[in-house]
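Below are the chains, spelled out letter by letter.
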Amino acid sequence: MRFSYTHHMPYTGVADAGQDWPVPNKQFDAKKGVEMFDRYIEDKIYAEQAGFDWIGSNEHHFSPYGMMPNPNLVGAVVANRTSRVGILQSGNIVPITNPIRIAEEYAMLDVMSGGRLIAGFMRGIPHEYVAYNVSPDESYGRMYEAIALIKKAWASPEPFGWEGEFYQFRAVSIWPRPVQKPYPRILMSASSDASARLAAEVGASAGFLRIADFDSARNQIKVYRDRAKECGWSPTADDVMIGMNCCIAPTYEEAKEILQNGQKYFFGVLGGGIRTAQQLVVQKTRYFKDPGAAEKFARKTAVQREVSFDERVERGLIVCGTPEMAIDQIRRIHSELGNGRMNLSVKIGNIADHHVTRTLDYLRDVVFPAVRPLGEGTDPAQAAE
Amino acid sequence: MKYSYTHHMPYTGVDRSGQDWPVPNKQFDPQVGVDLFNRYIDDKVYAEQTGFDWIGCNEHHMSPYGLMPNPNLVGAVVANRTKKAGILQSGNIVPIVNPIRVAEEYAMLDVMSGGRLVAGFMRGIPHEYVAYNVSPDESYARMEEAMALIKKAWSEPEPFGWEGEFYQYRAVSIWPKPVQQPFPEMVMSATSERSTRLAAKHRAVAGILALTDMDDGRANIARFKQFSREEGWEPTNDHIMVGLNCCIAPTYEEAKKILEEGQEYFFGVLGGGIRTAQNLVVQKTRFYGTSEEADKLKTKFVNMRSGMKKRSFDERVEMGLMICGTPEMAVEQITRLHKELNNNRLGLSIKIGNISDEHVTRTQDYLRDIVFPATRHLGESDDPAQAAE
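First to last, the protein sequences are chains Y and R. Under my numbering, think of the first position of the first sequence as 532, with each following residue one higher. Under my numbering, think of the first position of the second sequence as 19, with each following residue one higher.
The hints are simulated quantities; they were obtained by calculation from the structure and are not laboratory data. Please note that the accuracy of each hint is not assured.
Unchecked claim - Some but not every residue of chain R turned toward chain Y, in silico, with C-beta under 7 Å:
#1 Asn43
#2 Phe46
#3 Pro48
#4 Phe55
#5 Ala94
#6 Asn98
#7 Met130
#8 Pro175
#9 Gln186
#10 Trp193
#11 Lys195
#12 Val197
What the hints assert, rightly or not - Straight-line C-alpha distance at most 30 Å; calculated DSS-like pairs for lysine-lysine:
#13 R:Lys102 to Y:Lys557
#14 Y:Lys683 to Y:Lys760
#15 Y:Lys562 to Y:Lys795
#16 Y:Lys562 to R:Lys170
#17 R:Lys357 to R:Lys328
#18 Y:Lys563 to R:Lys102
#19 R:Lys101 to R:Lys20
#20 Y:Lys557 to R:Lys169
#21 R:Lys169 to Y:Lys563
#22 Y:Lys795 to Y:Lys563
#23 Y:Lys557 to R:Lys170
#24 Y:Lys683 to R:Lys44
#25 Y:Lys562 to R:Lys102
#26 R:Lys219 to Y:Lys557
#27 Y:Lys682 to R:Lys44
#28 R:Lys169 to Y:Lys562
#29 R:Lys328 to R:Lys275
Nothing here was measured: the structure is a model prediction, and the numbers come from that model. By construction, the Cβ of each residue, glycine as well, lies at the ideal position given by its N, Cα and C atoms.
Put together the whole structure using the sequences plus the hints.
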């Protein structure tokens, strides 16, 4: 089992950020922001020492939810200051950005890290489109074309032109090129049927930021594997990454209190403006391709609110408790889903940074040594069942 | 006198790179690239220890000329690994990228550095437009609108919309905001009339790169000061930054040899594809403004190599267009430059072409040990009123 550390670097300096979109930035206190940013970067680098295999940064705009409108700047620092971990950019929101720029920046990161980039291609969440004034209706069309263009920019041996529906370039030959051949490993979300199929078509590993329940997660994994098979390849367990919130403490009660408060801040304060924007976008666009996808998305969010915390832990949707409990929970997820990777989100809302560090230390000292062997020697075909 | 360290991070792993545009990247050897990149970043970080006030990164596309298609990624590393130096992004090529993205990334850099960003707004050189398929004819108009938008994104207390000719946004409120209020310090080129007007309007530090003679430099500076007065402010000499190549060695002959070979590589190998693209663009566009300006700049820029060939290396050193020689000679050259142009800022480009990285470090050490201590005082006693003359 391999572990990924995602820290989306929230601004936690306000008690109430309001429900407007965009979130007014006059609430941003520069001094606090500087300290937080610095601390968060140190936490990310610490994750390598704590035994994580990948360190993740993601893109968000116009809200205290995340302070990385371009996560590649932070990825660059992490790449320069680490030596072994994968640099997971999870990642640039492809449809709202110049794809050649993404190809170039990801190539820079692969060079800066000596070939450790994991290139995430994200479709993003609806409010990001509002921020950059790109139509969410075009998100899949743009994704398809942009990903093909980026892969070509990475791998083409000669300069080439591109005359597409959304993108036109006369002659492309990016400098630098990535280190990894034929191109960097790719990771994409597989949380809906449409995105699971796209991930399979692209040849990407599949990521789930969080799951509503084991059955729906299993279903998405099946959609992903079936489509991959149709496209002529077989994902291994290593290609499936399940995401969970994670909080470890000396007792379950303490871990629960910390994480519950963090989640309250996450949804109530950090999420306010985003929900406003999403409601606007979701009502008026075809952002979600499949019928029922919007309902599924709403249900995932609703599960968080309608089901009690203890119940969610019981259902295996959160890693929370003592180190020994965490080991059991991770083992159970693996036995349910056969995933070779987990993405642990430890900084949830305004959880104190020293609690974040404490969780990392528990992971390093107790949990990782116990669960690393999970999946070793697994037959990929068996993992598919 | 304050010093700025510019290192554009060239790929020097080829002996020849052809004259095509774009330069085919199959010549890029990833292992060589990885080693170069890491060395260059360490050199930039080292510049703080050798006494530089600013450390600069710039944007270039699709050529071995520079390995930073987005210099902000390198700026982020430099910000994280230094404590005092200004993080000079010189810089994003504004007309070819989303201005809100520029505003956001620069704000990130200002936060990551604790308020040390020096925000460069570049118009770029023509081939960058070909790379991103943006019309060079629109460069000034885009630049002007984008800069107004970026400054508003940095400083506006409430979310705002923007309906412009080139850019439209429903509602903007960037997170994070910059530390420096109301704006980070800014740098812009002041080589053409129109860009000088823009620099004056935005109260930026005026960058004079590619000095071809002192009279020209003096005229550019005077023009910048005059335009600034028309905009209602008085630039100090801290607003004047000249950029020169710099090579220091135990003897003049050695410094000359190193720098001449580096310049040969710079123009011949690194510059080949770029000149092809520029010839294409300059012939067919109004990138350089009026046809009079275009002709003037064409001579200076597109034919820079043959222009340089008209004057010998020694002549150009004599004219004060390069810092080259022993440390003592460098002190004289810098002192003389300051006397001529009253620039309190000097940008030194040391990694020219494929000059060895050991020689780059050696030049930096000479600067730290001998040249900077002897020249820091230049401009210290400036009376702002006198500076205006």
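Against chain Y, with CB atoms and a cut of 7 Å, does the hint on lysine 195 of chain R hold up?
Holds: closest Cβ of chain Y sits about 5 Å from lysine 195 of chain R, inside 7 Å.
Does the closest beta carbon of chain Y sit nearer than 7 Å to the beta carbon of phenylalanine 55 of chain R?
holds (5 Å)
Restraint status (C-alpha distance of lysine 682 of chain Y to lysine 44 of chain R at most 30 Å)
Holds, because 15 Å separates the two Cα atoms, which is no more than 30 Å.
Would the hint linking lysine 101 of chain R and lysine 20 of chain R be met if the CA-CA limit is 30 Å?
This hinted pair holds, its Cα atoms lying about 17 Å apart.
Verify the interface restraint on methionine 130 of chain R: the C-beta must sit less than 7 Å from at least one C-beta of chain Y.
At about 6 Å, which falls below the 7 Å cut-off, the nearest Cβ of chain Y leaves the hint on methionine 130 of chain R intact, so it holds.
Would the hint on glutamine 186 of chain R stand, with a C-beta cut-off of 7 Å toward chain Y?
holds (6 Å)
Hint check: 7 Å Cβ-Cβ cutoff, tryptophan 193 of chain R to chain Y
holds (5 Å)
Given the hinted pair lysine 557 of chain Y and lysine 170 of chain R, is their Cα-Cα distance within 30 Å?
holds (13 Å)
Hint check: is the beta carbon of alanine 94 of chain R less than 7 Å from a beta carbon of chain Y?
Holds: closest Cβ of chain Y sits about 4 Å from alanine 94 of chain R, inside 7 Å.
Going straight from one Cα to the other, do lysine 328 of chain R and lysine 275 of chain R come out at no more than 30 Å?
Judged against 30 Å, a Cα distance of about 18 Å means the pair holds.
Measure nothing beyond the straight line between the CA atoms of lysine 562 of chain Y and lysine 170 of chain R; if it is 30 Å or shorter, mark the hint as holding.
Holds, at roughly 21 Å.
Does asparagine 98 of chain R pass the interface hint, meaning its C-beta sits closer than 7 Å to a C-beta of chain Y?
Because about 5 Å separates asparagine 98 of chain R from the closest Cβ in chain Y, which is inside the 7 Å limit, the hint holds.
Of the numbered hints stated above, none is contradicted by the structure.
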